[in-house]
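Novice: Okay, here's what each chain looks like letter by letter:
2 protein chains.
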Amino acid sequence: MINVTKTFLPTLEEYNSYVKRAWDKVWLTNRGELTLELEDKLKNHLAVNHIIITNNGTIPIQIALKLFGNGGEIITTPFSYVATSAAIVWENCKPVFVDIHPEYLTIDETKIEEAITSKTTAILATHVFGNPCHITAIESIASKYNLKVIYDAAHCFGVNYNNQSIFNYGDVSTCSFHATKIFHTGEGGALFCNDQNIYDKLYYSHNFGHNGPLDFHGLGINAKVSELQSAIGLAVFDHIDTIFSERKKVVEFYNSQLNFTNLKPLKIRENTEWNYSYYPVVFDSEATLLEIQKELQSENIFPRRYFYPSLNTINYIKGAKMPISESVASRILCLPLYVGLPTSDLKRITSIINKIIC
Amino acid sequence: MINVTKTFLPTLEEYNSYVKRAWDKVWLTNRGELTLELEDKLKNHLAVNHIIITNNGTIPIQIALKLFGNGGEIITTPFSYVATSAAIVWENCKPVFVDIHPEYLTIDETKIEEAITSKTTAILATHVFGNPCHITAIESIASKYNLKVIYDAAHCFGVNYNNQSIFNYGDVSTCSFHATKIFHTGEGGALFCNDQNIYDKLYYSHNFGHNGPLDFHGLGINAKVSELQSAIGLAVFDHIDTIFSERKKVVEFYNSQLNFTNLKPLKIRENTEWNYSYYPVVFDSEATLLEIQKELQSENIFPRRYFYPSLNTINYIKGAKMPISESVASRILCLPLYVGLPTSDLKRITSIINKIIC
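Top line first, the protein sequences correspond to chains G and B. With the working numbering applied, the first sequence corresponds to residues 9 to 366, in that order. With the working numbering applied, the second sequence corresponds to residues 9 to 366, in that order.
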């Protein structure tokens, strides 16, 4: 069976070489040495100012919204995983959707200003599939209206934009280290920021506001990652160059073999070093998508309708109509992309797709 | 160094015998087979109707409050770990404290009714140190005022009350499987309930509301536990009888050797099979506590001021005065209690305490 993704696993021996240290220290959580080491390695590798590893990729968005949302309206994208909108609603804010760019698939920065009201407190935009939003325009709007910017950078491990890590942009950026991600900790995620003051607030927020065992800085919750998760993160990180180069090969295969006459690939934004995180293709109609999906499934190949449905249409949200996002969401399919996907399978996938769309 | 607690670790080989299955399946999260097996084992062992294992012990309280709190006032105890109050505030509800019983240390059920207003939506009470609240009285009040009951049963693994698991009481009970707990998954926790309808809501809430990959039941968030955590849970569970019997020996040593003339132990509620989760002692004054703490520390023994401060006094909460809780919190110390704590160390601890208080 070929799924849209497959978790990259180091060997069990490699995992053990790290997790053994948790046994030696008899220490399984609460920012143990493996977590600190992983934070340090990622900080250096990504060249970011501040990082806090968390227990999943959603809690960082929740924490950022708790600090900056103030129960207000959050300008956001309808084209993202449900976590983006769910975090807004969960944190008692209101998602206000702005439609997406039809090719970059990120929030359409030219439509943000008209969505801002006196209740708007922040912009939460997703660098979807690792493709950067129009960061310059967004920062300029945020500055003009005194809004905070949170980037859901769940898909962005390893993305550089304008020669630096994409995590360096926004007041806060978040990432997911879910098992299906390029870099992962099984379940996990991270908070990134540049500002020391914001870092302090994020840090306290992720551990109950503790300032030592008996004192509290303020409100906080439990977003701590376990040492078991950090251990696999360290073991995965040892393979990070291979992971990128192998994924790049799959992407290049699709790029060279798919017939793009009736098929649109993701348009990567200028000045981006992309990370080969997903391979989305947009068909001319949902009917074509369903036909291809059916044909692939008959060969035990399971691409994924990422992201469907458009978040403004979800039952508990019911946002305004978002024609572009709804249209793209109905026609987009992410093709299998992972380390170890054999060329023979890639050939089967591309030939099935090419046969149907041509 | 002797800390208040020490994580129980199965051998690395025992852990590997479980975690290997995650490798074999290439499956690290999203309710994998280890998580399902652990849920099944715990469900049978505890004889409970429904269990959902989560990524920590706080998110279950948050989920229960999201379902039942409705942004209202939550009647709660000031004597608990900060997570209890933090979850209330985080979930946009208001904690309304009710003082505790001076001996059981649980919420004083006789004072609950006077704290109820038209805004009260739920009671969130902690079975502190595994000691049951006055469940009958609380259920009766809840029924009279149509309130939901959430039990923070973080400390309660293995506690039976009136011949059944304490997790069976309340609309929802929560537990912590933090590394410091009797049974643990490194970081982790669980939701328990009896009602199928509530279970469905809890279940969807803990996984983004997903009803299959493309449909949603409603609002949800990420509370999923990783297979790495469930693997250690399974390995710890294999030792559960030893864990209880070894902890019981430590408790019995303290019970038999401490001089209780000027020292109060926890009074366990009637009809309770307790779990030897903590060994709290209440001194006549904070000065005595500090003197004993200092003396123990000079011998590299670190008991813990659980729970201090009284939650109504925390800076971001500022609840009404709670004389009993504040007084107890200033005078209570949890003594070291874990599997493998040598009798020689126990003797040192009890003799230091007895010397000072007599």
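None of these hints come from the bench; they were simulated from the model. Fair warning: there could be bad hints in the mix.
Because identical chains share one entry, a pair is satisfied inside a single copy or across any pair of copies.
Stated by the list, open to error - Listed next, the in silico DSS-like pairs over lysine-lysine satisfying Cα-Cα at most 27 Å (straight line): (1) Lys152 with Lys127; (2) Lys119 with Lys329; (3) Lys256 with Lys272; (4) Lys28 with Lys156.
Novice: Hints first: check each against the structure and report whether it holds.
Specialist: Going through the hints against the structure:
no. : hint               : result
1   : Lys152 with Lys127 : within (15 Å within a copy, 40 Å between copies)
2   : Lys119 with Lys329 : within (14 Å within a copy, 51 Å between copies)
3   : Lys256 with Lys272 : within (19 Å within a copy, 66 Å between copies)
4   : Lys28 with Lys156  : neither (42 Å within a copy, 44 Å between copies)
In this structure, only the earlier hint numbered 4 is contradicted, and the remaining ones agree with it.
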